[in-house]
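Student: All chains, please: the whole structure from these sequences, using the hints.
Residue numbers (our numbering), protein chains in the order written: chain A, 516 to 817; chain B, 29 to 685.
All the pointers check out, no bait thrown in.
Cβ pair distances, simulated, as ranges: (1) Val-802/A - His-663/B: 54 to 60 angstroms; (2) Phe-454/B - Met-519/A: 38 to 44 angstroms; (3) Val-788/A - Thr-634/B: 41 to 47 angstroms; (4) Leu-88/B - Arg-791/A: 53 to 59 angstroms; (5) Gly-399/B - Ile-795/A: 36 to 42 angstroms; (6) Leu-88/B - Thr-764/A: 44 to 50 angstroms; (7) Phe-523/A - Ala-74/B: 50 to 56 angstroms; (8) Ala-619/B - Ile-795/A: 23 to 29 angstroms; (9) Ile-795/A - Ser-656/B: 44 to 50 angstroms; (10) Ser-656/B - Arg-796/A: 49 to 55 angstroms.
Sample of chain B residues at the chain A side, in silico, Cβ under 7 angstroms: (11) Leu-444; (12) Leu-466; (13) Ile-473; (14) Gly-480; (15) Leu-484; (16) Ala-486; (17) Trp-549; (18) Ile-564; (19) Leu-568; (20) Arg-571; (21) Gly-579; (22) Cys-584; (23) Tyr-595.
Keeping only pairs whose Cα atoms sit at most 25 angstroms apart, straight-line, the calculated SDA-like set for lysine to any residue is: (24) Lys-565/A - His-575/B; (25) Lys-569/B - Leu-555/B; (26) Lys-565/A - Gly-570/B.
These are calculated hints, taken from the structure and not from any lab test. Virtual Cβ for every residue (Gly too), placed ideally from N, Cα, C.
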Amino acid sequence: MADMLLHFLLVLVMPPLLLGVIGKTKAAFAGRVGAPYLQPYYDLARLFRKGVVISDTTTWVFKAGPVITLAATMIAALLIPFGKHAAPISFDGDMVLFAYLFALGRFFTTSAALDTGSSFEGMGSAREVTFSCLAEPTLFFALITLTRLSGSLSLTPMLNYVTLPLWADTGAALLLMLAGIFVVLLAENSRIPFDDPNTHLELTMIHEVMVLDHSGPYFGAILYGASVKLFLLGALFVNLAIPFSSGNTYLDWLLFVACMVALAVSIGVVESVMARLRLIRVPQLLVAAMILTAFSLVLVVR
Amino acid sequence: MLQDVMRDPFVRVFLAVVLTAFSGIPGLFLRKGPTGQRLATLCALAASALALPAILAALLAGEHAAYLVRWTLPFGPCELLLDPLALFFLIPIFLVFPLGSLYANGYWPNASHPTTQPPVTFFYGLLAAAMALVVIARNGALFLMAWEVMALSGYFLLICEHRHREVRAAGTLYLIASHIGVAALFALFSLLASRVGSFVLPGAGALHLDPSAAFPFYLLALIGFGSKAGLMPLHIWLPSAHANAPSHVSALLSGVMLKMGIYGLLRVTTFFPERPLWLGAVLLSAGIVSAILGISLAAAQKDLKRLLAYSSIENLGIVAAALGSAFIGEATGNPRLAFLALTGGLFHILNHSLFKPLLFFSAGSVMHATGTRDLDLMGGLARKMPKSALLSAVGVVAICGLPPGNGFVSEFFIYLGWLSEATAPFPILALAAPLLALVGGIAVISFVKLFGAAFLGAPRSEGAEHGHESPASMLVPMGLLALLCLLGGVLPQGFLALTRPVLATLAPSAPGYRLPVSPLWFTAAALALLLLGSVIALFLKGRTAGHASHGPTWGCGYIAPTTRMEYTGTAFSGIFTTLWGGIVRTTVTGAKVTGFPPAPARVSYTPREIILERVVGPLFKLCDQGFSLLRRMQHGEVQVYILYIFVTLVLLLIWVR
Numbered sequence: 516m517a518d519m520l521l522h523f524l525l526v527l528v529m530p531p532l533l534l535g536v537i538g539k540t541k542a543a544f545a546g547r548v549g550a551p552y553l554q555p556y557y558d559l560a561r562l563f564r565k566g567v568v569i570s571d572t573t574t575w576v577f578k579a580g581p582v583i584t585l586a587a588t589m590i591a592a593l594l595i596p597f598g599k600h601a602a603p604i605s606f607d608g609d610m611v612l613f614a615y616l617f618a619l620g621r622f623f624t625t626s627a628a629l630d631t632g633s634s635f636e637g638m639g640s641a642r643e644v645t646f647s648c649l650a651e652p653t654l655f656f657a658l659i660t661l662t663r664l665s666g667s668l669s670l671t672p673m674l675n676y677v678t679l680p681l682w683a684d685t686g687a688a689l690l691l692m693l694a695g696i697f698v699v700l701l702a703e704n705s706r707i708p709f710d711d712p713n714t715h716l717e718l719t720m721i722h723e724v725m726v727l728d729h730s731g732p733y734f735g736a737i738l739y740g741a742s743v744k745l746f747l748l749g750a751l752f753v754n755l756a757i758p759f760s761s762g763n764t765y766l767d768w769l770l771f772v773a774c775m776v777a778l779a780v781s782i783g784v785v786e787s788v789m790a791r792l793r794l795i796r797v798p799q800l801l802v803a804a805m806i807l808t809a810f811s812l813v814l815v816v817r
Numbered sequence: 029m030l031q032d033v034m035r036d037p038f039v040r041v042f043l044a045v046v047l048t049a050f051s052g053i054p055g056l057f058l059r060k061g062p063t064g065q066r067l068a069t070l071c072a073l074a075a076s077a078l079a080l081p082a083i084l085a086a087l088l089a090g091e092h093a094a095y096l097v098r099w100t101l102p103f104g105p106c107e108l109l110l111d112p113l114a115l116f117f118l119i120p121i122f123l124v125f126p127l128g129s130l131y132a133n134g135y136w137p138n139a140s141h142p143t144t145q146p147p148v149t150f151f152y153g154l155l156a157a158a159m160a161l162v163v164i165a166r167n168g169a170l171f172l173m174a175w176e177v178m179a180l181s182g183y184f185l186l187i188c189e190h191r192h193r194e195v196r197a198a199g200t201l202y203l204i205a206s207h208i209g210v211a212a213l214f215a216l217f218s219l220l221a222s223r224v225g226s227f228v229l230p231g232a233g234a235l236h237l238d239p240s241a242a243f244p245f246y247l248l249a250l251i252g253f254g255s256k257a258g259l260m261p262l263h264i265w266l267p268s269a270h271a272n273a274p275s276h277v278s279a280l281l282s283g284v285m286l287k288m289g290i291y292g293l294l295r296v297t298t299f300f301p302e303r304p305l306w307l308g309a310v311l312l313s314a315g316i317v318s319a320i321l322g323i324s325l326a327a328a329q330k331d332l333k334r335l336l337a338y339s340s341i342e343n344l345g346i347v348a349a350a351l352g353s354a355f356i357g358e359a360t361g362n363p364r365l366a367f368l369a370l371t372g373g374l375f376h377i378l379n380h381s382l383f384k385p386l387l388f389f390s391a392g393s394v395m396h397a398t399g400t401r402d403l404d405l406m407g408g409l410a411r412k413m414p415k416s417a418l419l420s421a422v423g424v425v426a427i428c429g430l431p432p433g434n435g436f437v438s439e440f441f442i443y444l445g446w447l448s449e450a451t452a453p454f455p456i457l458a459l460a461a462p463l464l465a466l467v468g469g470i471a472v473i474s475f476v477k478l479f480g481a482a483f484l485g486a487p488r489s490e491g492a493e494h495g496h497e498s499p500a501s502m503l504v505p506m507g508l509l510a511l512l513c514l515l516g517g518v519l520p521q522g523f524l525a526l527t528r529p530v531l532a533t534l535a536p537s538a539p540g541y542r543l544p545v546s547p548l549w550f551t552a553a554a555l556a557l558l559l560l561g562s563v564i565a566l567f568l569k570g571r572t573a574g575h576a577s578h579g580p581t582w583g584c585g586y587i588a589p590t591t592r593m594e595y596t597g598t599a600f601s602g603i604f605t606t607l608w609g610g611i612v613r614t615t616v617t618g619a620k621v622t623g624f625p626p627a628p629a630r631v632s633y634t635p636r637e638i639i640l641e642r643v644v645g646p647l648f649k650l651c652d653q654g655f656s657l658l659r660r661m662q663h664g665e666v667q668v669y670i671l672y673i674f675v676t677l678v679l680l681l682i683w684v685r
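Tutor: What follows is the structure, given as structure tokens:
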């Protein structure tokens, strides 16, 4: 019960912190002080107090975009385990639901962008759907590998099966899979090198340009939903990357939180040392990630 | 007495078939006013009300019943059969046909189509009746006759607007492709009759043949039925046919007639006690190829109905891949795979006959409102036709396989079947799962494009600007289908129960298996989505109440944006098509912009199908050259034709002796 409460608490409270940590890391690399760690929370609080401007061309789809995306992401949050604990909900095939809930969110985010009739937002949503459709198979290759290793079709037993002995046994395969998942994590959450969340030119954006017209609480819901998505895919990565368990649940929770912060730092490092890829190169990197995870499957089968 | 007779499901189905076949006949004489069409709709609804409850009850009870009809034709006894397989495939017919018939009252009324409405209504009924007869026929000759009536009424429905060159070309292509398929079926049933000794189709598992003798049966069935189901590479007729027919006809062709191909294939496989492994492998690979290529081509289309037609190839591909996996599962003694793949595949057949007609109806409403099929000339219709837009949104979510639509549940079971193969010694089948994920991703591209370009944003043309909501006769069928799509996604138990008895017929080892996932999870996920969505929506509404203002879309600093700057559907799928240059390409033709100030210039673009143009097209050219020799015999002189007949008869007599 306490584990479940902690699960809910973490998923509700912690995601914006990751954005703060990423920002702080990037600032440190640039030699700046940077915004406080809690800046994303202040931003959200500010957005939820503001009014909205709604474009005249839009319909209900424009408002449904943020709502359905956030709802789908929050339900996906119930399916994935954090650390070596069980997820609140687990059944055979829950990973398919996990992947498809994100697809549902994507469907409505991109539709909401098209609802404004802006050419920039159309551009953003075209990029989003195209790149995501290349990221999807990578996730499924990883799931097949994990199913083969653990013999289970559900996320909780599958991810909790990744332990030190397993790493010692199939370390190479897991490493390849981790690389693939890290690429998907960056691409799906529109981080550098796929997309620059801080860029100022609409033409080069992917995710940010889709939400140009959303403002106030609706924009707040989008930002919050995006941070939860980062948190969830990050949790998937951390579950694979951290194979130990201390035996004490509370210590495990602490370890998980620390690992998530470390992940945010490493994303910040990647963003600081890399430039954004040219858009033409993005599909190539995604396909490379797909092949890496496919290789991990081959290594496991042999 | 009458009540007892009417309780027999067969009597009710048979009456419904007769009622369906004759539904359009009064209209042929009552050419003035809407009476004829209304009578036809009434007949269609009555037929459905008569047949559907009986079909569902008989299917759920797992009834088997054969009936003998007296006829004087020399093809052996005329048997009709109602078994779970037949009953299952009768459901889409008696569901989509009456709804399409109702829809036609608003979409193809006598008032605006006085010359074409009566024949369209007549052939619409005939097509539905022929399909029902195909499904219940247990005599090869009767099957072929019904099949031919089905193909021909499809043709006449398709070319009802034969003044357009494009429509005639599509009709001819359909007719040729359909008859190549029929030729294979003639060979198949003749071969069968020579083996069995009668045209009566063998019962389940009654045909014991060694593998090499069974091979031609499977091959002919794959060609004949595969071309009807639109499996690649036998799909060439499908996109133009479904795009050029009136929308309620496309709904029936795509939603129901394609499944006749799947039905035929399944029926032929039931003759044999066991299915060979290679059949499963062929179906699986053809299905995967059709799914990936079909949806990739769909993503590139700018014609609304062509997009839907290509997506039919994708969906039938998914069905074929699932059925192929089920055969593989059975041949390798893997009941889990057979069970999951068959459940998913059969469920997907039902699903496709719900969301595809819904989307074709919605396409019809859009065309009705805007007068065009070109997605790039639409836009902003959600404001003009909010109800159609909402119903289309349901269909679009369902066809992408997203929760809480019914497409998600069927694809979920197919995924589960493939993913559980990951633990097999050689997990080659598991590799189909990432491919299905890719198909799902591309489906999202295609249908966000369809929904966004047609309904969202600002209108891109005069026609789109003056769009209007459809009448109730068009909205009610769409609403009913949308409701069923959601029902299948939220409460899949009912649909799953319908697949159960069919499973027992097709995979004898599978029914002992139980679902590894409680269907209640789908209900829970859908309800959670609804609940959480409403809470968030109410919260946001509460936060913004009172301080929401309206304004134009943010133009990124540009002062005078026009709707022509909007991203079009073609632009939307542009990045994707550049990635898939080998399969589909958009060619742009137009003059360069020159001079200062620039002179007006025209640009046009067409999506091209590379495989069709580079491989299938040249093949047909080759055939054409071959047939040009034959054409010399075809010169229109009757006396010489009589000579041909005489010579053939003499040769046959010599051969028979």
